[in-house]
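Go by the hints and put chain A onto chain S.
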Amino acid sequence: MAGISSIIGSLSVRTKINLIITLIFVSVVILVTIFTMQRTEERVLELVTDHTKSITNFYFDSLNTMMLTDTMDQRSILRKKILQDPDVLEARVIRGQTVVDQHGPGLPEEYPVDEYDRRGLLGEEIIFTEQRNSGRVVTVLTPIRATSDGDTNCLACHNVPSGTVNGLVRVSYSLADIDENMAQEMWAAALANLLLMIIGLFLANFLLRRWISEPLAGLIKVVKRRANGDSSARAIVNSSDEVGRLGAALNTMSDKLNDSFRREQEVARDLRHKVDVLLKVVSRAAKGDLETSIPISKEGAIGELGVGLEIMLGNLRTLMDERRTAVEELKEKVGVILGVVTRAAEGDLTGKVTVSGDDSIGQLAMGVQRMVDRLNALVTQVQQSGIKVTSSATQIAATAKQQEATFTEQAATINEIVATATEISATNKDLVLTMDEVSSVSEQTAAAANSGQGGLAKMEETMLQVVNASASIANKLEVLNEKANNINTVVTTITKVADQTNLLSLNAAIEAEKAGEYGVGFAVVATEIRRLADQTAGATLDIEQMVKEVQTAVSAGVMSVDKFSKEVQNSVTVVSDVGHDLTQIIEQVQALTPRFESVHEGMQFQAQGAEQIKQAIVQLNNAAQQTVESLNQSSSSIDHLNDAARGLQQGVSQFKVLSTHEKESEVI
Amino acid sequence: MMFLLITIGNERYGIDVSHVVKVIPPVAVKEIPCTPDYISGLLNFHGHPIPVIDINYLYVQQPVSIYLGSRIIVVDLMHSKKEEGAESILLGILAEGVTEAIHIDQKSLVNSGIDMTDRSFVNRVVMNDKEIIQLVNLANLVPDQWKSKILQANTLLADEVLDQ
Numbered sequence: 001m002a003g004i005s006s007i008i009g010s011l012s013v014r015t016k017i018n019l020i021i022t023l024i025f026v027s028v029v030i031l032v033t034i035f036t037m038q039r040t041e042e043r044v045l046e047l048v049t050d051h052t053k054s055i056t057n058f059y060f061d062s063l064n065t066m067m068l069t070d071t072m073d074q075r076s077i078l079r080k081k082i083l084q085d086p087d088v089l090e091a092r093v094i095r096g097q098t099v100v101d102q103h104g105p106g107l108p109e110e111y112p113v114d115e116y117d118r119r120g121l122l123g124e125e126i127i128f129t130e131q132r133n134s135g136r137v138v139t140v141l142t143p144i145r146a147t148s149d150g151d152t153n154c155l156a157c158h159n160v161p162s163g164t165v166n167g168l169v170r171v172s173y174s175l176a177d178i179d180e181n182m183a184q185e186m187w188a189a190a191l192a193n194l195l196l197m198i199i200g201l202f203l204a205n206f207l208l209r210r211w212i213s214e215p216l217a218g219l220i221k222v223v224k225r226r227a228n229g230d231s232s233a234r235a236i237v238n239s240s241d242e243v244g245r246l247g248a249a250l251n252t253m254s255d256k257l258n259d260s261f262r263r264e265q266e267v268a269r270d271l272r273h274k275v276d277v278l279l280k281v282v283s284r285a286a287k288g289d290l291e292t293s294i295p296i297s298k299e300g301a302i303g304e305l306g307v308g309l310e311i312m313l314g315n316l317r318t319l320m321d322e323r324r325t326a327v328e329e330l331k332e333k334v335g336v337i338l339g340v341v342t343r344a345a346e347g348d349l350t351g352k353v354t355v356s357g358d359d360s361i362g363q364l365a366m367g368v369q370r371m372v373d374r375l376n377a378l379v380t381q382v383q384q385s386g387i388k389v390t391s392s393a394t395q396i397a398a399t400a401k402q403q404e405a406t407f408t409e410q411a412a413t414i415n416e417i418v419a420t421a422t423e424i425s426a427t428n429k430d431l432v433l434t435m436d437e438v439s440s441v442s443e444q445t446a447a448a449a450n451s452g453q454g455g456l457a458k459m460e461e462t463m464l465q466v467v468n469a470s471a472s473i474a475n476k477l478e479v480l481n482e483k484a485n486n487i488n489t490v491v492t493t494i495t496k497v498a499d500q501t502n503l504l505s506l507n508a509a510i511e512a513e514k515a516g517e518y519g520v521g522f523a524v525v526a527t528e529i530r531r532l533a534d535q536t537a538g539a540t541l542d543i544e545q546m547v548k549e550v551q552t553a554v555s556a557g558v559m560s561v562d563k564f565s566k567e568v569q570n571s572v573t574v575v576s577d578v579g580h581d582l583t584q585i586i587e588q589v590q591a592l593t594p595r596f597e598s599v600h601e602g603m604q605f606q607a608q609g610a611e612q613i614k615q616a617i618v619q620l621n622n623a624a625q626q627t628v629e630s631l632n633q634s635s636s637s638i639d640h641l642n643d644a645a646r647g648l649q650q651g652v653s654q655f656k657v658l659s660t661h662e663k664e665s666e667v668i
Numbered sequence: 001m002m003f004l005l006i007t008i009g010n011e012r013y014g015i016d017v018s019h020v021v022k023v024i025p026p027v028a029v030k031e032i033p034c035t036p037d038y039i040s041g042l043l044n045f046h047g048h049p050i051p052v053i054d055i056n057y058l059y060v061q062q063p064v065s066i067y068l069g070s071r072i073i074v075v076d077l078m079h080s081k082k083e084e085g086a087e088s089i090l091l092g093i094l095a096e097g098v099t100e101a102i103h104i105d106q107k108s109l110v111n112s113g114i115d116m117t118d119r120s121f122v123n124r125v126v127m128n129d130k131e132i133i134q135l136v137n138l139a140n141l142v143p144d145q146w147k148s149k150i151l152q153a154n155t156l157l158a159d160e161v162l163d164q
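So the sequences go chain by chain: S and A. Count the first sequence with this note's numbering and you get residues 1 to 668, in order. Count the second sequence with this note's numbering and you get residues 1 to 164, in order.
Hints were generated in silico from the structure; no laboratory data involved. Check before you lean on any hint, since a few could be wrong.
The following label-pair restraints were derived from C-beta to C-beta distances [what the hints assert, rightly or not]:
| id | chain 1 | residue 1 | chain 2 | residue 2 | range |
| --- | --- | --- | --- | --- | --- |
| 1 | A | Ala28 | S | Thr493 | 33 to 43 Å |
| 2 | A | Gly85 | S | Glu544 | 23 to 33 Å |
| 3 | S | Ala469 | A | Ala28 | 46 to 56 Å |
| 4 | A | Gln61 | S | Asn570 | 56 to 66 Å |
| 5 | S | Val497 | A | His103 | 38 to 48 Å |
| 6 | A | Gln61 | S | Val525 | 32 to 42 Å |
| 7 | S | Ala469 | A | Gln61 | 18 to 28 Å |
| 8 | S | Gln569 | A | Ala28 | 33 to 43 Å |
| 9 | A | Ala28 | S | Leu464 | 49 to 59 Å |
Where a beta carbon is used, it is the ideal one built from N, C-alpha and C, also for glycine.
Same shape as in the complex, but just chain S (with noise of 0.2 Å):
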């Protein structure tokens, strides 16, 4: 892309319009010719359909009249006729199996030959265009119905339906000679825009040359020589467009440059002058020469830069003349400063700086003698220090000495210590040996525990047994009591028997003492029977009596059973208390358990501490007996403390300084 554009760049403006204008003519020329190409043929085909249409309709109505009035046979000269346009290439008209079961099969061009013909034959109307070796051919097969609302009735003489299909008329057309005139037409039309093309072409290079390229030429011409140096080159203008527009405005532009430069040259000029003269005068006095006036005008801005530069002079004079002075009284106080310090550098403090003043020699003065002053109190200091040091050193190791012996005692202390903790660490494990006897033996109180349950869950059911038992013999008991009363019941029934019987037999001597002699035999019956029905009630009342005795005695068992059951359902709810007073001993017991675990662990974690505590206390020891050896260091290093001490206060005696007492004399 950018090699095309590079080359693109690189061609002229007409090469390049010219080059446009030429691409345009021959797209329109290649679309123009391609479009009304197609529209033609499309135009041409539909115009040749129709056409092949009206033929068959011709050739069909031809044959309907030929049919009317019965000349049938010579239908052959109609297809003739028709075939001799060289253009009809086949014109035939095929029979329906109806009119061929009518009229017979015809001649032998009227019989089906290829799938159009028997789709045809269906009732379909077929157009289609094929592509032979002559050229295009449009065949047309329309298909004939016999119907009777037409010009013609068919069915007057065709004995079928209304819609059926009676034949069919097919005609072929060549499209041969019609697309050959219009090729040429077409080729005839593009040789002709060409050859428009071409001349507009050359008209417009021309008009480009002319209008454009010539004077933009010139106009380069001109600029070159311009800006070679030049000043009389001129552009000539001898037109009104664009082109001599920008021509003109290229000559304003160089009378204007002309103007300006010569104006300048000549302010530039008069600038060297004045400038060299200054010069002259700023080299004289950089020479030492400040005696010198400015010989030029006063004006402009030059002017007046001589002037402050002689108003410079002036006061550079002045100041040279104030700082000769300065430097001497400097001279003198300094000399008397530098006593001092001399004095005070080989170790006399004594001195005394007699400068004063606010400047800044009097501030030096103040300054160094401030410091005579400081120094000399500081070593006073220093000495009366050095004395404090030394004494200080001396306590500092004594009690160094005092502390390395406590951490003696206390290293002895530490072993004990460990001692301690290894013997704590071993109850520990002693104190773990047990916990673990006292949790098997909890776990066996569960087992235990656990069987008694079991024994009194049994014990439950057989006191349940047993008062089922005695709820059957209460049962038993109340049987006997319901016979005993069974009994009575027939000890009464006998008793009344007896009663009646002893009634009978007192009604009977009474009427046997009515009959007199007659009833005596039977006043013996009665009364014996009397003496019957006495005993029976005898021996009634003796049983009545064993039974109320048997009654009484079941009652009591009754009673005593009831008692007993009664006790052994206390004894039932005892058993089940104790139950779950087991159970709950059972599982405060498994409850142990897992707090005797946590004892264990918790032991365990005792002894682990022990035996870190152990380890600490060693690594203590060690930590102390470190310190001692420090101290050691330290006791040695307060030695060489002492040693430096005194060389420093030998040093600071050197010094010689004013004493205290003279010192408040000189305050007062």
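Coordinates of chain A only, in the frame set by chain S:
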């Protein structure tokens, strides 16, 4: 002679069986309102209503307890006057311990020895196995004027029974 023995209080009494029509069990009697306490009520005896008296109440002012030996003794008050053609007057006597009838020799009958008026309930006594048996004076058991009342009552009650 034959006597039917009964018990009144703690004593044994005898009734001459010749007056006794029949001994029957102590069936329920129909109580008659506004009558003396010793009259138990009316008894339906073979279709005839007869008054029943509580002999215990009459003798010792204690009502008869119904035991096995407690019975009603139907007697004919007019038995002795039967031969004169008198109409029999039946009376039920509710008594205790009616279980025995004994033969007594007529000679062993003795007067009680106590000042006996014609209106006393007991006129004679008899010894039986060292036991003194007092004989009930049936004739004085109810006042004479009551006998007619009883008769009337019998008739009235018969009518009532018939009405019912």
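Structure-based check of each hint:
{"no.": "1", "hint": "A/Ala28 / S/Thr493: 33 to 43 Å", "verdict": "violated, 21 Å"}
{"no.": "2", "hint": "A/Gly85 / S/Glu544: 23 to 33 Å", "verdict": "violated, 51 Å"}
{"no.": "3", "hint": "S/Ala469 / A/Ala28: 46 to 56 Å", "verdict": "holds, 50 Å"}
{"no.": "4", "hint": "A/Gln61 / S/Asn570: 56 to 66 Å", "verdict": "holds, 58 Å"}
{"no.": "5", "hint": "S/Val497 / A/His103: 38 to 48 Å", "verdict": "violated, 26 Å"}
{"no.": "6", "hint": "A/Gln61 / S/Val525: 32 to 42 Å", "verdict": "holds, 40 Å"}
{"no.": "7", "hint": "S/Ala469 / A/Gln61: 18 to 28 Å", "verdict": "violated, 59 Å"}
{"no.": "8", "hint": "S/Gln569 / A/Ala28: 33 to 43 Å", "verdict": "violated, 51 Å"}
{"no.": "9", "hint": "A/Ala28 / S/Leu464: 49 to 59 Å", "verdict": "holds, 55 Å"}
In summary, the numbered hints that this structure violates are 1, 2, 5, 7 and 8.
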